[in-house]
Amino acid sequence: MSPALPEGEVPPADGSLPAWLDDGADRSFGVYVHVPFCTVRCGYCDFNTYTASELLAEAGGRVAGHEAYAGTVLREVAQAARALDAVGRGGRPVSTVFVGGGTPTLLPAGDLVAVLDGVRSTWGLSPGAEVTTEANPDSVTPESLAELADGGFTRVSFGMQSAVPHVLATLERTHDPERVPRAVEWARDAGLAVSLDLIYGTPGESVEDWRRSLDAVVACGVDHVSAYALTVEEGTKMAAQVRRGVLPRPDPDDQAAKYELADDVLTAAGLGWYEISNWARTPDDACRHNVGYWRGDDWWGFGPGAHSHLGGAADGPRSVRWWNVKHPRAYADRLAAGATPAAGRELLGPDEVQLERVLLGVRIRDGLPLDHVDAAGRHAVAGLVADGLLDGGAAVRGTALLTRRGRLLADAVVRALTA
Amino acid sequence: MSPIPSAQLSSRIQPAATPPELLRNFCIIAHIDHGKSTLADRMLQLTGVVDARAMRAQYLDRMDIERERGITIKSQAVRMPWAVADEQGALVPYALNMIDTPGHVDFTYEVSRSLAACEGAVLLVDAAQGIEAQTLANLYLAMENDLAIVPVLNKIDLPAAQPEKYAEEIAGLVGGDPDDVLRVSGKTGEGVEVLLDKIVRTVPAPHGSADAPARAMIFDSVYDTYRGVVTYVRVVDGQLSPREKIVMMSTKAHHELLEIGVISPEAMPTKGLGIGEVGYLITGVKDVRQSKVGDTVTNQSKPASESLGGYADPKPMVFSGLYPIDGSDYPVLRDALDKLKLNDAALVYEPETSVALGFGFRVGFLGLLHLEIVRERLEREFDLDLISTAPNVVYDVTMEDRSVITVTNPSEFPGGKVGEIREPVVKATILAPSEFIGAVMELCQTRRGELGGMDYLSADRVEMRYTLPLAEIVFDFFDQLKSKTRGYASLDYEPAGDQAADLVKVDILLQGEQVDAFSAIVHKDKAYAYGVMMVGKLKELIPRQQFEVPIQAAVGSRVIARETVRAMRKDVLAKCYGGDISRKRKLLEKQKEGKKRMKTIGRVDVPQEAFIAALSTESGGKDAKEKARK
Chain A
1 MSPALPEGEV
11 PPADGSLPAW
21 LDDGADRSFG
31 VYVHVPFCTV
41 RCGYCDFNTY
51 TASELLAEAG
61 GRVAGHEAYA
71 GTVLREVAQA
81 ARALDAVGRG
91 GRPVSTVFVG
101 GGTPTLLPAG
111 DLVAVLDGVR
121 STWGLSPGAE
131 VTTEANPDSV
141 TPESLAELAD
151 GGFTRVSFGM
161 QSAVPHVLAT
171 LERTHDPERV
181 PRAVEWARDA
191 GLAVSLDLIY
201 GTPGESVEDW
211 RRSLDAVVAC
221 GVDHVSAYAL
231 TVEEGTKMAA
241 QVRRGVLPRP
251 DPDDQAAKYE
261 LADDVLTAAG
271 LGWYEISNWA
281 RTPDDACRHN
291 VGYWRGDDWW
301 GFGPGAHSHL
311 GGAADGPRSV
321 RWWNVKHPRA
331 YADRLAAGAT
341 PAAGRELLGP
351 DEVQLERVLL
361 GVRIRDGLPL
371 DHVDAAGRHA
381 VAGLVADGLL
391 DGGAAVRGTA
401 LLTRRGRLLA
411 DAVVRALTA
Chain B
1001 MSPIPSAQLS
1011 SRIQPAATPP
1021 ELLRNFCIIA
1031 HIDHGKSTLA
1041 DRMLQLTGVV
1051 DARAMRAQYL
1061 DRMDIERERG
1071 ITIKSQAVRM
1081 PWAVADEQGA
1091 LVPYALNMID
1101 TPGHVDFTYE
1111 VSRSLAACEG
1121 AVLLVDAAQG
1131 IEAQTLANLY
1141 LAMENDLAIV
1151 PVLNKIDLPA
1161 AQPEKYAEEI
1171 AGLVGGDPDD
1181 VLRVSGKTGE
1191 GVEVLLDKIV
1201 RTVPAPHGSA
1211 DAPARAMIFD
1221 SVYDTYRGVV
1231 TYVRVVDGQL
1241 SPREKIVMMS
1251 TKAHHELLEI
1261 GVISPEAMPT
1271 KGLGIGEVGY
1281 LITGVKDVRQ
1291 SKVGDTVTNQ
1301 SKPASESLGG
1311 YADPKPMVFS
1321 GLYPIDGSDY
1331 PVLRDALDKL
1341 KLNDAALVYE
1351 PETSVALGFG
1361 FRVGFLGLLH
1371 LEIVRERLER
1381 EFDLDLISTA
1391 PNVVYDVTME
1401 DRSVITVTNP
1411 SEFPGGKVGE
1421 IREPVVKATI
1431 LAPSEFIGAV
1441 MELCQTRRGE
1451 LGGMDYLSAD
1461 RVEMRYTLPL
1471 AEIVFDFFDQ
1481 LKSKTRGYAS
1491 LDYEPAGDQA
1501 ADLVKVDILL
1511 QGEQVDAFSA
1521 IVHKDKAYAY
1531 GVMMVGKLKE
1541 LIPRQQFEVP
1551 IQAAVGSRVI
1561 ARETVRAMRK
1571 DVLAKCYGGD
1581 ISRKRKLLEK
1591 QKEGKKRMKT
1601 IGRVDVPQEA
1611 FIAALSTESG
1621 GKDAKEKARK
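Sequence lines, in order, name chains A and B. 1 is the number of the first residue of the first sequence in this note's numbering; add one for each residue after it. 1001 is the number of the first residue of the second sequence in this note's numbering; add one for each residue after it.
Chain B on its own, in the form it takes in the complex (with noise of 0.2 Å):
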């Protein structure tokens, strides 16, 4: 009896006309590099979705085309066929529905989404490396939205696995026995069949009024160069149909149908999509922005009176400012940000002025691991080279005259009399090896951290729970934190609100100039720390000058830091005879054209290397690459 559903079979599950029964809708909640890819492949395979052959040439062409058009063409749910008897013996189809949940940390409103759009969510664990904080917190979105959860040890084929070690584990996590985890091999296929049974038998079936106003759920949206905005939805009432009218109930935005279909591997346009399916819209919009990830989408000529709820703006989180290096390539920067922006719909910006780094854009990011994607793409796909200022947070100031200022750039802190100053806070959660305790309490501590309590995942793994501000994880707090526990903590965190700080912001002069562009909120706890630190960079970058050039960090009026950068005392070639003379001139005709490349703050010429070496956001840009790859 072969799992994959017969023609005969096939006919009872077709979109559109599936009995919500028939349906099952699933994530896969996995940390990057623990085989998600690999598992979503084999279920592809073994059910006949995409034979083995096809399989190498398939995942190649993926592979090209990604490369080609970025990420749009991932398969954001994928609709499987699969059969498995019941009690009597007999043959049932299903449909499989696997949902995409983006696998990083800046992302948690559309893992919210996507976790939404299913009934249930496998849970894969590397057998050899054990559960990590990201995959935990999206562990506790799925549970907290009642998925049933199918928890999956993968890997077990590698010599390292431990599967009876982190099946406790897990055990542990989700309720349930040990014996309960399955053991698959993504690689092998090991293990797959019993999941896929497994997943049938335990995600519950979605439910739905057939005859409700139209309601789905936005879980994606991507913009496609061809198709222009591909969304992704999950009918929850009613019946969407090709070429009806629909409402974005959000902006009230009105389009037409031009395409409806489900994925399976391929866009397949279908006669529609019923109660529980899952599948794509296209209605011809370009922008992502007119599609936006947790509105609800309705029919027009039956509207429902009820959005979904859940519906959230993207909201930016932490802001740099980016600046071309070079000042005639900020047309070709204004471009490419209106490039990204139509497929991303949490990406602001709007146009800056520094004095030290001249025009750039102040962008707003989901978080550190957006904006060092958003910077590599710009980079890498439009051939920039930019300047980063540090990555800041928003801060909301209350001046004593009660009117509110939200300050998205330090440059931007008002100086007039504040009363109070709320910035943003996290939860974070950290997943460490117990000997590690110390060090990270220690480091959340300096870091202004509240601990929220602590668990025990085993014997020697400890999950701790942390209130901090967001700006002190901008920080250089991930690099800090992997230091300290030799690599072995992750770490996730999710917006938590804002909290009122003692802060200030300390600026940077320049022989009695403020540079904008140097400035920066911080705790008053550390504002000296801030300023010893960047006198002391700056007083290394800065060539010296025909006098003496004061670098000080000052809060308002006070003066916390001071270094100088002494007056260059010669500067004169001692001979200068007949032979000397067309070098001497060649020299100095060099010279000047390096001076075109200074800014002068001031009196003070500061080569541009010193900005890019001042405000490397090496620590934060990091940060956030090495979380994409853990």
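Next up, chain A with everything else stripped away, as it sits in the complex (with noise of 0.2 Å):
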């Protein structure tokens, strides 16, 4: 999650919903859970996070820490479900559940499920509903994660990032490589589904060391792979040193074929793409929860700087998004008070909603169908088809398919499609 808050309007102070909102029956209804916590934050992280030490060295003694969070969390869950049930929406069922940090496997599984119990007891989870949680390999044990199973969680994320220690040091990963395969298997013996993050095009990463990695994650077995180029965001430590030159400037080339290695390796491990940035073995491995994003569905995101998102209205393209305060103790006040913990949102009208659907629907396997594409979109296909970018085959069907170096200039193809 992106640590700037975008500008927005400024909410509705007691969290009510637009009332132009319709019932939202065709839609899907994720629940995302932010976590803000880490043990330390590593140098490019740009996530909205905070270490034990950064909230206890805040003033007031009022620390909101790891103790209190999944009550604070919970109050937020009993205000949205008002919050839905006064525009319709509190009927549906919640059909993936994505617990992301920071650090979730920071706070006692028994707390995480204590989340995942309130979110069930409100809306109930769908037959056969994904629940994941983000995990740092050193920050799990057989019994922690036993437990996430026992309480409903279905798939474990591993924040594997790189096999190689010069490249997890530069990244500032605390974690030994050697444990993420154990990790992997006491995850799989407590029956859960396991997806490995990785990360390319580090600075100082070789080729050969990026396919290192890819060869660990696919020794590993794992049914989902992640894989994600390296981006030096502003702010963060990482930044700094390559301002002044301490580390290399992440070179595009390099990631890109660091790119295509990876799709090769994977492909060739029997994991297909279905996002950009995502391999599964079979359609039915694919992370639900994140499609719901790309298909432009409905999610709640709890906890600080948490997007929300909800489409859908009788009279056209609307929807609605908003985003939590970034503190967590900013959070937990609001909550205590029982305002809003929202800090900011905006109404998308036909335009945005069609830019979004565009920008999201290309990223993936399944392709953006062309009727969803402006008369000046379409008339760009067959460049971009000729350019190599889409798919002949499935621009012909009717569908914006991304070819592999489409992929990898999917913003051009979007640019192109919404010109």
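Rather than coming from a laboratory, the hints here were simulated on the basis of the structure. Heads up, a few of these hints could be off.
Once the Cα atoms are required to be at most 30 Å apart in a straight line, the calculated DSSO-like pairs of lysine-lysine come out as [stated by the list, open to error]:
(1) Lys1586/B <-> Lys1599/B
(2) Lys237/A <-> Lys1586/B
(3) Lys1575/B <-> Lys326/A
(4) Lys1539/B <-> Lys1584/B
(5) Lys1584/B <-> Lys326/A
(6) Lys1427/B <-> Lys1524/B
(7) Lys326/A <-> Lys1586/B
(8) Lys326/A <-> Lys1590/B
(9) Lys1584/B <-> Lys237/A
(10) Lys237/A <-> Lys1590/B
(11) Lys1599/B <-> Lys1537/B
(12) Lys1575/B <-> Lys1596/B
(13) Lys1315/B <-> Lys1252/B
(14) Lys1524/B <-> Lys1482/B
(15) Lys1539/B <-> Lys1599/B
(16) Lys237/A <-> Lys1575/B
Predicted, not measured: the structure shown is a model, and the values here were computed from it.
Starting from two chains that each stand alone, build the complex the way the hints lay out.
Shown next as structure tokens:
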């Protein structure tokens, strides 16, 4: 999740939702829970997260720390239930839950389960609901993973990032790469589906280093892999190191080559791409929660800095998105006072909804139905096919489907389709 | 005995009633910052035209008005009374006319007309710096016109002054004894009275025929917002009087003399102007083109049959495309040029369209300095942001079928069978310390220069005369000259006809599409260097696209240089989850806005900044600016 909150309007203080929302019957409903805690902050990370020492260092002594966090989130769950009921959207069960961070597994497994219980008792979970938590390989044990599984979690996503010690060191990741296969084993033994996250293009990472990481992932035999090009975000320690010349700036050509290598290695291992940065063994192994983002479904993000999105209106494409205050203490204070934790929101009209539909829809393997693209965008399709960015066969069938080259240039494709 | 004539004496030198033998017409030839205005101010003060107390106020006023109204208020010709004792010791009154000469290299013709209005010239040289190339060129012009030269060293109060050394240099140039070179300080006034006396004694009185039909030469004309065009003339024969009808001999245009007078120091209407007198005319016309410098004014009822000669139309030598950076400023640019034209007879322009730059004008200038002055005025006075294309000269291209095409824009260069191409050449004078002779020669040789001659002005200063293609000077020459001589060299040049040359047009192609704004006409031997330089520059400036972009320099169909902007391989946000979508959408919206500021050449998106950077005529513009300053 990006650190800086977007510009937006001030949301209603009572947390009420726009009255124009329809009943949302045709959209799935996902829940995201943000856990803004880490033991250390990694140099490249710009996520909304806080270390214990950062939180303790704050004045006043009222630290909104780990202990009371689950309870705080459950207050927001109760608030959400009231707001959804008020616009007639309270009846839908939750089809996916995703707990992200930060490092969710810094919280005791019981806390994560308690939050899940709260969600379940409020809206119910759809049959076969997907319930994921992110985890650091060194913050799980066989016992904690078993406890999560017993509590209803179905899936765990480990932040592996790399199998190469010097790359992990540059990223300031503290886990021992040897621990990853063991953690994967424990998760499997607990009955959890497992995904591994990788980062490529870290300063100093050679193509061989990257191949080692990919080989290590394949050796784990997981059914889902996410691989992200390292982005040097403003305001991070790494950005400062790059600016000072301590670290070289990531080279986009190098990252492109590594993307292609990842796609080759993972495809050969039986994992197919289903989103630009995501590969799964079968369509059923895809992360359904994330697919909900790319399809423009509804989701409620709980926790500091979390974004929420609800779409659907009787009078045409509209949606509302809002985001919570960033800091855990401000978040907790708002909820304690019975106020909405939302810091800002935006109401999207047809143009914005359309633009988002294109920029998100084009990223996935299902492709973007071309009837979601206006005439000028459709006019650009032939050129994009000729340039090898869109799949010709799919275009003929009325879908914008990225080729591999197109996946690397997806933003350019979106600009052409929305010109 | 005061040298300022008494009232009684003054009655003998009234405008329209001064015998020619009591008139002295002179100008001051000086390099910028050698102290011409300070000396002129001191003369105004000593002759009582401006009193000491009013001097400062006067000076300040003038500055203010100049700021407000540009250059129009400058005293083009000031009439000053001065009395000198004759052999019997009796005071004789004289009317001295001090005529201003434009101080810069692009205005040689205007200088020549100012000189033609005088019988004498004060050669003013900074005693700490010695003579500069431009001053030397104007001195030669004065000597060719048989003007009496009064050599003067100024700023003798400066600690760094070396009057002996430079007196010798000047004596070597104008003849005579170094001791005859006057030494003055415009700042303290020292020596200025002596100088005025010497002007009276040295400069010949004008002569002309009182009974002949009136003939007066226009040596300057300026547009004044309130009065219309003010025309400065020197009467040669006959007399001009108010209310009479006059004729401009080159255009045969008739005007009524609404006002005629002298400047002393303000415009002062008179009963007319007689033989040898200098003053101004107002006819109510609004455009300086109707009062052309060099033209002859005569009387309609009793017209002269022959003009005074020497008239020439101003001829633009250097052309550049001027484009507003914001395309919607085009009408503002057009109106601004129309306004400047009122006061600048040499400014020519016509609309031009560039694929790369949109709508603009191809503008002709007398030279680089003129270009820079106009550009600066457009930007400052009319608040315009402009791109100017690299300046080029005018080529005459004779095709094999004998048709002749005048090329003022490289993109107009004909593609068919070319017989001969002629380019303008200039005579350049370069003054430099003798230790830099080698460096100057090397530079001039690489610029296709032909050495015409070389003279030592003194033991350690040398004058070198070269014939050079103007195109070579337009491109970065002055910068190079300064850097190779540690800033010591000075340059002057004047048009000297044209020559056949082995020239080619180099085109720049982006992905096979020619970019008109980057075409250049260069000597065959330099085509490669230009091509390599330009494609290299563009490679750095053009952002990577989804496809490979070849940048080629070509002469005709032959590619002489090539670079490639490699295709962008990655343009995608790796992570796009719930919290990223809003930011991502806004970024895209911003990029779409940014795309509107791009020019698309074929399929290649080129940011406006890339055009500006690639076309930046820093060298050309700086040349001219430096020149004005030095």
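Going down the list of hints, with the structure as the test:
1. Lys1586/B <-> Lys1599/B: Cα-Cα ~22 Å, so holds.
2. Lys237/A <-> Lys1586/B: 25 Å, holds
3. Lys1575/B <-> Lys326/A: With Cα atoms ~20 Å apart, Lys1575/B and Lys326/A stay inside 30 Å; holds.
4. Lys1539/B <-> Lys1584/B: Holds: Lys1539/B and Lys1584/B sit about 29 Å apart, inside 30 Å.
5. Lys1584/B <-> Lys326/A: Given that 30 Å is the threshold and the Cα spacing comes to 19 Å, the pair holds.
6. Lys1427/B <-> Lys1524/B: 22 Å, holds
7. Lys326/A <-> Lys1586/B: 20 Å, holds
8. Lys326/A <-> Lys1590/B: At roughly 25 Å apart (the allowed maximum being 30 Å), Lys1590/B and Lys326/A satisfy the hint.
9. Lys1584/B <-> Lys237/A: 23 Å, holds
10. Lys237/A <-> Lys1590/B: 27 Å, holds
11. Lys1599/B <-> Lys1537/B: Roughly 17 Å separates the two Cα atoms, so the pair holds.
12. Lys1575/B <-> Lys1596/B: 27 Å, holds
13. Lys1315/B <-> Lys1252/B: Holds: Lys1315/B and Lys1252/B sit about 21 Å apart, inside 30 Å.
14. Lys1524/B <-> Lys1482/B: It holds: about 26 Å lies between the C-alpha atoms, which stays within 30 Å.
15. Lys1539/B <-> Lys1599/B: 16 Å, holds
16. Lys237/A <-> Lys1575/B: Holds - the C-alpha atoms of Lys1575/B and Lys237/A are around 20 Å apart, at most 30 Å.
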